[in-house]
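Q: Single-letter residue listing:
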Amino acid sequence: GQNIDQPTEMTATEGAIVQINCTYQTSGFNGLFWYQQHAGEAPTFLSYNVLDGLEEKGRFSSFLSRSKGYSYLLLKELQMKDSASYLCAVISNDYKLSFGAGTTVTVRA
Amino acid sequence: IAGITQAPTSQILAAGRRMTLRCTQDMRHNAMYWYRQDLGLGLRLIHYSNTAGTTGKGEVPDGYSVSRANTDDFPLTLASAVPSQTSVYFCASSESAGGRDTQYFGPGTRLTVL
Chain A
1 GQNIDQPTEM TATEGAIVQI NCTYQTSGFN GLFWYQQHAG EAPTFLSYNV
51 LDGLEEKGRF SSFLSRSKGY SYLLLKELQM KDSASYLCAV ISNDYKLSFG
101 AGTTVTVRA
Chain B
1 IAGITQAPTS QILAAGRRMT LRCTQDMRHN AMYWYRQDLG LGLRLIHYSN
51 TAGTTGKGEV PDGYSVSRAN TDDFPLTLAS AVPSQTSVYF CASSESAGGR
101 DTQYFGPGTR LTVL
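Just so you know, the protein sequences line up as chains A and B, in that order.
The numbering of the first sequence is this note's numbering, which starts it at 1 and goes up by one.
The numbering of the second sequence is this note's numbering, which starts it at 1 and goes up by one.
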């Protein structure tokens with residue numbers, strides 16, 4: 001099976017930076033997604049990485065190192081609305097998404 | 001508004017009953033998926049369909065069946081519900097089944113089996 005690990009919870013202050021790490025061991029690798037999920041809502045797409053390096057999208061950036069089986073999602077200038085769960089998901093050789101359990105980020109004033 | 005709809009929003013069901021969760025998308029996406037989300041376990045794939053007329057088993061298919069008669073609809077059926085099927089169910093779709101296309105999720109169905 002696929003193994004995708006991310007921290008369960010993180011807390012940060014409004015305006016700060018938070019880095020959510022994700023490590024994976026999967027049957028092959030064809031890309032990595034990050035999704036955001038607010039409580040009681042559907043997951044929504046944040047980013048996709050397939051090559052090593054950093055992808056930046058406004059306040060959110062995602063990094064990938066395929067050789068280390070590692071990714072992180074960086075959230076800058078945190079806002080209260082960023083309080084949510086962040087899901088790391090990997091596409092393996094069968095071209096299906098396998099999800100980590102998610103990291104719940106709480107932003108405090 | 002384009003997207004994915006699911007019905008019902010929530011349901012309480014007696015064990016042993018049959019239940020169909022409905023999912024409809026209007027984006028003309030080829031691939032569709034059913035996931036369940038349980039606390040501490042994340043999203044797990046139940047069944048998928050790469051294109052209309054085809055279906056496949058995901059990670060946790062037992063106790064569930066699906067059909068894909070057309071592009072838009074992908075219903076999930078629990079033939080005889082059991083309490084372990086209490087979960088939040090999400091339907092998703094993507095333009096193709098290649099895995100690299102973004103999956104778009106419906107609002108979810110919260111199912112409780114007593």
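Treat the hints with caution; some may be incorrect.
Said to hold, decoys possible - Partial list, computed: chain A residues near chain B (C-beta under 7 Å): (1) Gly28; (2) Ala39; (3) Phe45; (4) Gly58; (5) Tyr95; (6) Lys96; (7) Phe99; (8) Gly100; (9) Ala101; (10) Gly102; (11) Thr104; (12) Val107.
Claimed, not checked - Looking from chain A toward chain B, a few residues come up when the C-beta cut is under 10 Å (computed): (13) Gly69; (14) Tyr72; (15) Ile91; (16) Ser92; (17) Leu97.
It is worth saying that the hints were derived from the structure and are not from the lab.
Every residue gets a Cβ at the ideal spot worked out from N, C-alpha and C, and that includes glycine.
Q: Hint by hint, note whether the structure agrees.
A: Tested hints:
1. Below 7 Å, beta-carbon pairs count as interface contacts, and Gly28 (chain A) has none with chain B, the closest being about 10 Å; its hint is therefore violated.
2. At its closest, the beta carbon of Ala39 (chain A) sits 11 Å from a beta carbon of chain B; the interface hint therefore is violated under the 7 Å criterion.
3. With a least beta-carbon distance of about 5 Å to chain B, the hint placing Phe45 (chain A) at the interface is held under the 7 Å criterion.
4. The closest approach between the C-beta of Gly58 (chain A) and any C-beta of chain B is roughly 17 Å, which is over the 7 Å cut-off, so the hint fails.
5. Interface hint at Tyr95 (chain A): satisfied, since its Cβ lies 3 Å from the closest Cβ of chain B, which is below the 7 Å cut-off.
6. The criterion of a C-beta within 7 Å of any C-beta in chain B is met by Lys96 (chain A), whose closest approach is roughly 6 Å, and the hint holds.
7. The beta carbon of Phe99 (chain A) comes within 4 Å of a beta carbon in chain B, closer than 7 Å, and the hint placing it at the interface holds.
8. Interface hint at Gly100 (chain A): satisfied, since its Cβ lies 6 Å from the closest Cβ of chain B, which is below the 7 Å cut-off.
9. Residue-level restraint check for Ala101 (chain A) holds (minimum Cβ-Cβ distance to chain B is 4 Å; threshold 7 Å).
10. For Gly102 (chain A), the suggested interface contact is upheld, since its CB lies about 6 Å from the closest CB of chain B, less than 7 Å.
11. Checking Thr104 (chain A) against chain B: minimum C-beta separation of about 11 Å lies over 7 Å; hint violated.
12. A cut of 7 Å between beta carbons decides the hint on Val107 (chain A): the least distance to chain B is about 21 Å, and the hint is violated.
13. Hint status for Gly69 (chain A): violated, given a least beta-carbon distance of 17 Å to chain B, over 10 Å.
14. With 10 Å as the threshold, the beta carbon of Tyr72 (chain A) stays out of range of chain B, its nearest partner Cβ sitting at about 18 Å, so the hint is violated.
15. Given hint, Ile91 (chain A) at the interface with chain B, holds; its Cβ is 4 Å from that chain's nearest Cβ, closer than 10 Å.
16. Interface hint status for Ser92 (chain A): upheld, as the beta-carbon distance to the closest one in chain B is roughly 8 Å, under 10 Å.
17. At about 7 Å, the closest approach between the beta carbon of Leu97 (chain A) and any beta carbon in chain B falls short of 10 Å, and the interface hint on this residue holds.
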